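Residue numbers (this note's numbering), protein chains in the order written: chain S, 1 to 329; chain Y, 1 to 326.
If you are wondering where the hints come from, they were derived from the structure by calculation, not from laboratory data.
In this text the structure is predicted, and so the values were computed from the model without any measurement.
Even glycine gets a Cβ: it sits at the ideal position worked out from N, Cα and C.
Certain hints may be false.
Covered stretches of chain S, as calculated for chain Y (at least 3 residues, CB under 8 Å) [stated by the list, open to error]:
hint: 1; segment: 27-38
hint: 2; segment: 309-322
Beta-carbon label-pair distances, calculated as ranges [to be verified]:
hint: 3; chain 1: S; residue 1: P62; chain 2: Y; residue 2: E3; range: 52 to 62 Å
hint: 4; chain 1: Y; residue 1: E183; chain 2: S; residue 2: V314; range: 46 to 56 Å
hint: 5; chain 1: Y; residue 1: E244; chain 2: S; residue 2: P257; range: 40 to 50 Å
hint: 6; chain 1: Y; residue 1: R320; chain 2: S; residue 2: V314; range: 14 to 24 Å
hint: 7; chain 1: Y; residue 1: P34; chain 2: S; residue 2: K272; range: 24 to 34 Å
hint: 8; chain 1: Y; residue 1: E226; chain 2: S; residue 2: Q307; range: 35 to 45 Å
hint: 9; chain 1: S; residue 1: P257; chain 2: Y; residue 2: D166; range: 41 to 51 Å
hint: 10; chain 1: S; residue 1: K290; chain 2: Y; residue 2: E3; range: 51 to 61 Å
hint: 11; chain 1: S; residue 1: P257; chain 2: Y; residue 2: A74; range: 54 to 64 Å
hint: 12; chain 1: Y; residue 1: R55; chain 2: S; residue 2: T108; range: 32 to 42 Å
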Amino acid sequence: MTRPNAAAGPEELIKIYRTSTLIKQTDESIRGLLRRGRLQANYYSPRGQEIVAAAMAATLQPDDYVVTIYRGLHDHLAKGVPLKALMAEYFGKVDGSCKGKGGCMHITHPEAGVMVTTGIVGSGMPIANGLALASQERKDGRVTVTNFGDGATNIGSFHESMNLASLWKLPVVFLCQNNLFAEHTATELCTAGNIVDRAKGYAMPGILVDGNDPEAMYAAAREAVDRARDGEGPTLIEARTFRFEGHNYGDPSSYIPKEMMAEAKANDPVPKLRALLIERGIATEDEVAKIDADAATEIAEAVTFAQESPYPDVAENLSDVYAHVLENA
Amino acid sequence: MAEITLSQATQQALDEAMAADPTVLVFGEDVADPEGGGIMGSTAGLSTKYGSRVRSTPISEQAIAGAAVGAAIAGMRPVAEIMLMNFITVAMDMIVNHAAKTRFMSGGKTAVPLTIRTMSGAGIGAGGQHSDMYEAWLAHVPGLKVVVPSNAADQKALLKSCIFDDDPCIFVETTYIQFMKGEVPADYEAPLGKAKVSREGTDVSIIGYGRPILDALAVAEKLAAEGISVEVVDLRTVMPWDQETVFKSVAKTKRAVTLHEAVVQFGVGAEISSRIHEELFDTLKAPVQRVGSMNTIVPYSAPLEQNFMWSQDKIEAAIRRTLERK
Ligand SMILES: Cc1ncc(C[n+]2csc(CCOP(=O)(O)OP(=O)(O)O)c2C)c(N)n1
C-alpha cells in the first residue's frame with residue numbers, strides 16, 4: 001500500500017538539514033572538548049549518521065517514543081532533547097538530563113519522548129515493545145522507534161522482539177542504522193545473510209534504504225511510522241550509513257580500509273544536503289549559512305551552560321536508587 | 001626481570017596455554033587480529049599464530065557462552081571472552097543453568113572445563129552499565145569458580161590455572177589496572193583456591209582481592225609509620241576461597257577487615273566475615289568490618305563516582321574501628 005504525504009517536501013528537507021547540522025556541529029564540538037581535555041567521557045560519535053536520525057525524527061510527533069543506544073547523540077537531538085541538558089549530562093553536572101548520574105551513554109528525557117538509552121547491545125528492542133504495548137492498550141496513537149546498530153541484529157533479543165512485535169502488531173519501528181561495523185568487526189564477518197531479509201521470517205515488512213539520502217530515508221521512515229500509527233504493526237528498516245570516526249573516541253579505526261573511509265567522507269551527507277537545498281532553490285546560501293550559524297551559537301551557549309553548572313551533591317548517590325531513600329540500605 | 005602489563009600477562013597466558021594444548025580455543029568479540037586482538041590487545045597475535053582456534057564472534061553473548069559450554073562438554077578447553085562483566089547478564093542462562101550444573105546433573109558423565117574471561121570495574125566514568133563487579137552473583141552459584149587477580153604475575157598464572165582446571169571458571173580482569181606493570185617470574189605458578197599473604201602484619205588482617213588490594217597495601221604502608229602492623233591477604237580466588245590462610249591470619253591478628261570493589265550488601269565480604277565469626281568468635285577482639293563500594297548504581301559524574309567507590313580513607317577508618325576495641 002502506498003501512502004499519501006510519503007515524500008519529503010521543501011519544508012521537511014530544511015528541517016532535516018537544520019537537525020543534521022546541529023548534530024554534526026555538536027559532535028564536532030564534543031570531540032574538540034575531548035581533544036583539549038576539557039571533557040572526560042566515553043564518547044561514541046554519530047558523525048556520518050546524521051541524516052538517518054534527522055529524517056526519521058521529521059516523521060514523528062513530539063510525544064512519540066524513542067529508544068536508542070550509547071551512540072545516540074543524533075537520535076537525542078533529532079527527537080528534541082534540549083542541548084543544554086544533554087551537554088550538562090555529558091559533563092556529569094547537576095543540570096544534565098539525568099542529574100549527571102546516567103552520563104552520555106544513558107540519556108533519558110521523557111519530555112522529548114526519549115525513554116531509554118542503553119549501553120547494552122540489543123537491550124533497547126524488547127523495552128521498545130513494552131512502550132508500544134502501553135500505547136496500544138491506551139490507544140494514545142503514539143509510535144515507538146527503536147534504534148540499534150547492525151551488530152545488534154545478532155543478539156537474541158533482536159529476534160525475540162521482532163517476533164513479539166509482529167505477533168502483537170505493536171506500533172513500533174525497528175530502525176537498524178547499519179554503519180557497516182560492529183565495534184571493530186565488519187558486518188559481513190559477523191552477520192549471516194542480509195539484515196533486512198530477517199523481517200520476512202517474522203512476517204513484517206522490511207525496507208532497505210540509503211540512510212544518507214534524506215528523501216529516501218524520509219520516505220522509508222514515513223511508511224513505517226504511518227503503518228505503525230494505523231495499527232498495522234511493526235516494520236524493520238535497514239538504513240545503510242557509515243560512521244566517520246572510530247567506534248569510540250580514541251579508536252583510530254585502523255580496521256576500516258582507507259579507501260572506504262575516504263569515499264564515505266567525500267560523500268558526507270550533511271554538506272551534500274546543504275548543496276541540494278541551494279541547487280534546488282529551496283534555500284539561499286544566506287539562509288543555510290544562518291542555519292549553520294544558529295547551530296554554532298546554540299552549541300556555544302550549551303557548552304558554557306554545562307561548564308558552569310555545578311556537580312551534583314554526593315548525597316545524590318543514594319537518591320533515585322529506590323523511590324524513597326532506604327534507611328537500612 | 002622485565003615488567004609486563006596485566007593485559008600482556010593475559011596474552012602470554014593464552015599463548016602458552018594454546019601452545020601447550022591443542023584443545024584450548026579462544027573466542028569472543030573482536031579478539032582476532034584483523035579486529036585488533038581484543039579491545040585491550042590481550043589476544044593480539046593469537047589468531048595469526050593459531051588460525052581457526054582463535055575466532056572473532058558476533059555480538060551474541062548467549063551464543064558465545066553456549067558455544068563454550070558445548071565445546072567444553074566435547075572435551076575442548078575453550079576460553080571465551082565476554083567483553084565486559086555487565087554483558088555476562090545476557091549469557092546468564094548458559095553460565096548458571098548449564099556451565100555450572102552439567103557435571104552434577106549428568107552424574108559426572110560430562111564436564112565443562114571452560115574459562116570465561118571478562119573485565120569490569122569502576123573509576124573510568126563509564127556509568128551504570130559498564131562498571132559493575134558481579135563476582136558475588138557468580139560465587140553464589142554452586143559449580144562455578146571465580147577468580148579476580150590484582151597484579152600481572154597472578155593474572156598470568158591464575159588464568160593458566162583456570163584454563164587447565166576441569167570446572168567452569170569465571171576470570172575477572174579489572175579494567176582500571178590492565179595497563180599497570182608488574183614482574184612475572186618465569187616459573188611462577190598460582191593454584192586456584194590459594195590466597196597470598198601480600199604483606200605480613202600482626203595487628204589486623206585485611207582480606208580482599210582485585211584492585212582494592214593495591215589500596216590496602218598503601219594503607220598498610222601508611223599505618224606502619226604509626227606503628228600499626230597490617231597483614232594483607234589477597235584471596236585471588238573468590239570461589240573457592242582459601243579459608244585456611246584467612247583463618248590462620250585472623251587467628252594471629254585477632255582483627256579483620258574484608259575488602260572488595262563490589263557494593264557491600266550481600267557481597268563476598270559478608271560471607272567471609274560470617275565464616276570468620278563462626279570459626280574464630282572466641283579469638284576475635286573486635287567484630288569483622290566490611291569495606292566495599294556504596295550501595296548504589298555506579299554513577300557517571302566524576303565526584304559521585306569517587307564517592308561511590310571504596311577508598312583508602314574508608315579502609316583506614318575500618319582498621320581503626322577494629323583497633324578501638326581492646
Ligand atoms: C551485550 C553487549 N555486548 C557487547 C557490548 C560491547 N559493545 C559496545 S558497542 C559494540 C558494537 C555494536 O555495534 P553495532 O550494533 O553495529 O552498533 P554501532 O556501535 O555500530 O552503532 C559492542 C560489541 C555491549 N555494549 N553490550
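Comparing the hints with the structure gives:
no., hint, result
1, 27-38, "violated (count 0)"
2, 309-322, "holds (count 7)"
3, S/P62 - Y/E3: 52 to 62 Å, "holds (58 Å)"
4, Y/E183 - S/V314: 46 to 56 Å, "violated (38 Å)"
5, Y/E244 - S/P257: 40 to 50 Å, "violated (57 Å)"
6, Y/R320 - S/V314: 14 to 24 Å, "holds (22 Å)"
7, Y/P34 - S/K272: 24 to 34 Å, "holds (31 Å)"
8, Y/E226 - S/Q307: 35 to 45 Å, "holds (42 Å)"
9, S/P257 - Y/D166: 41 to 51 Å, "holds (44 Å)"
10, S/K290 - Y/E3: 51 to 61 Å, "holds (58 Å)"
11, S/P257 - Y/A74: 54 to 64 Å, "violated (37 Å)"
12, Y/R55 - S/T108: 32 to 42 Å, "holds (37 Å)"
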